[in-house]
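*Asks:* Sequence:
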Amino acid sequence: MTHTQIEVTAELVRHLLRDQHPDLADRPVRLGARGWDNQLWRLGDDLAVRLPWATRSADALLRKEHAWLPALAPHLPLPVPVPQRLGEPSERFPRPWIVTTWVPGEPADRAPATRAADAADALAAFLTALHRPSPAGAPAGRGRGGPLADHAEGFARALASATEAGLVPDPQAVRIVWEDAVAAPAWTGPPLWLHGDLHPANVLTADGTFCGVIDFGDLCAGDPACDLAAPWILLPDDGVDRFHAAYRPTPDTAALRRARGWAVLRALGGILIGEAGVHGRPGGKATWGPPARAALRRLVATIRRPGGHGQVVRPAHAGQVQPPG
Numbered sequence: 465m466t467h468t469q470i471e472v473t474a475e476l477v478r479h480l481l482r483d484q485h486p487d488l489a490d491r492p493v494r495l496g497a498r499g500w501d502n503q504l505w506r507l508g509d510d511l512a513v514r515l516p517w518a519t520r521s522a523d524a525l526l527r528k529e530h531a532w533l534p535a536l537a538p539h540l541p542l543p544v545p546v547p548q549r550l551g552e553p554s555e556r557f558p559r560p561w562i563v564t565t566w567v568p569g570e571p572a573d574r575a576p577a578t579r580a581a582d583a584a585d586a587l588a589a590f591l592t593a594l595h596r597p598s599p600a601g602a603p604a605g606r607g608r609g610g611p612l613a614d615h616a617e618g619f620a621r622a623l624a625s626a627t628e629a630g631l632v633p634d635p636q637a638v639r640i641v642w643e644d645a646v647a648a649p650a651w652t653g654p655p656l657w658l659h660g661d662l663h664p665a666n667v668l669t670a671d672g673t674f675c676g677v678i679d680f681g682d683l684c685a686g687d688p689a690c691d692l693a694a695p696w697i698l699l700p701d702d703g704v705d706r707f708h709a710a711y712r713p714t715p716d717t718a719a720l721r722r723a724r725g726w727a728v729l730r731a732l733g734g735i736l737i738g739e740a741g742v743h744g745r746p747g748g749k750a751t752w753g754p755p756a757r758a759a760l761r762r763l764v765a766t767i768r769r770p771g772g773h774g775q776v777v778r779p780a781h782a783g784q785v786q787p788p789g
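The sequence shown begins at 465 in the working numbering and counts up one residue at a time.
Simulated from the structure, these hints should not be mistaken for lab results.
Do not rely on the hints blindly, as some may be mistaken.
FRET-style restraints, in silico, Cβ to Cβ [as the list claims (entries may be wrong)]: (1) Gly508 / Asp634: 45 to 51 Å; (2) Asp490 / Ser554: 15 to 21 Å; (3) Ala620 / Arg761: 17 to 23 Å; (4) Gln636 / Ala531: 40 to 46 Å; (5) Glu617 / Pro486: 45 to 51 Å.
In this text, a Cβ means the ideal position worked out from N, Cα and C, and glycines have one as well.
Using the sequences and the hints, build the whole thing.
*Replies:* As structure tokens, then:
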């Protein structure tokens, strides 16, 4: 089932609530947002209903959130949408759906963080709290949190598409950052809990800093470098180093190199979705382009200045990546 095969309306949401959770059915219902996988409908002032609409994988992702997020949420310093009820498939809507708490705030792709220090500290505190060893049976990550080398083909396709569209001024510099990240030593610690999808549409802001994190559909266990890409995409120019200083344990050079690789992947994806129309699924928005371009600019700049937090030095010979020694 895709978004073209069923129309989600306020009337449908009320019907589903009356059928399975009648104590919530009299609350006001209004559209909140349409994303990649789900539609979000406000349910009164403090709850929301999430229904899958665009991808088949969304069904399992909602059930995963319902199973794991309630235990993680109390330990996180930023509000997250905590699942309250699970809706089962029915004749009217043959897919699962959930009721969660509503997290107020504006998505960072529409209202970027402007208070760099406060935002960096908030993001570092959130990821420090989240990145704990996961229990046995924790979900795998659909490629998130695993080896970067597994994404080599996707990187090459994305870079080629963005370059062909004229959206990457220096593709060789982007390739250097990527190759250095792939060459970095692998994560050898235990799998840690990861959000897995920390891009600007999934982080909320208020008063210039972060006030919430949403969409845990890619919650998984693995290498924390996947989430450590977030400061490159989410923070103002002067916030990245502040994040690295505040996050605990302080990431080593290898983790920061891998994080840059994940950030390059996310930046290229954001550019293609926001500006080239390459991945024009229903949730794509033009607001994804500017933060992705800013991230790519900052990432490329790291290979032009030595020092700092594990920054890459532009190699003397083309095609050879020399990490800082």
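*Asks:* For each hint, tell me whether it holds in the structure or not.
*Replies:* Hint by hint, here is what the structure shows:
1. For the hinted restraint 45 to 51 Å between Gly508 and Asp634, the CB-CB distance of approximately 50 Å keeps it satisfied.
2. Checked against the hint of 15 to 21 Å, the pair Asp490 and Ser554 passes, with Cβ atoms roughly 20 Å apart.
3. Taking the beta carbon of each, Ala620 and Arg761 are about 21 Å apart, inside 17 to 23 Å as hinted.
4. The hint said 40 to 46 Å for the Cβ distance between Gln636 and Ala531, and at roughly 44 Å that hint holds.
5. Between Glu617 and Pro486 the beta carbon distance is about 49 Å. The supplied range of 45 to 51 Å therefore holds.
Of the numbered hints listed earlier, not one is contradicted by the structure.
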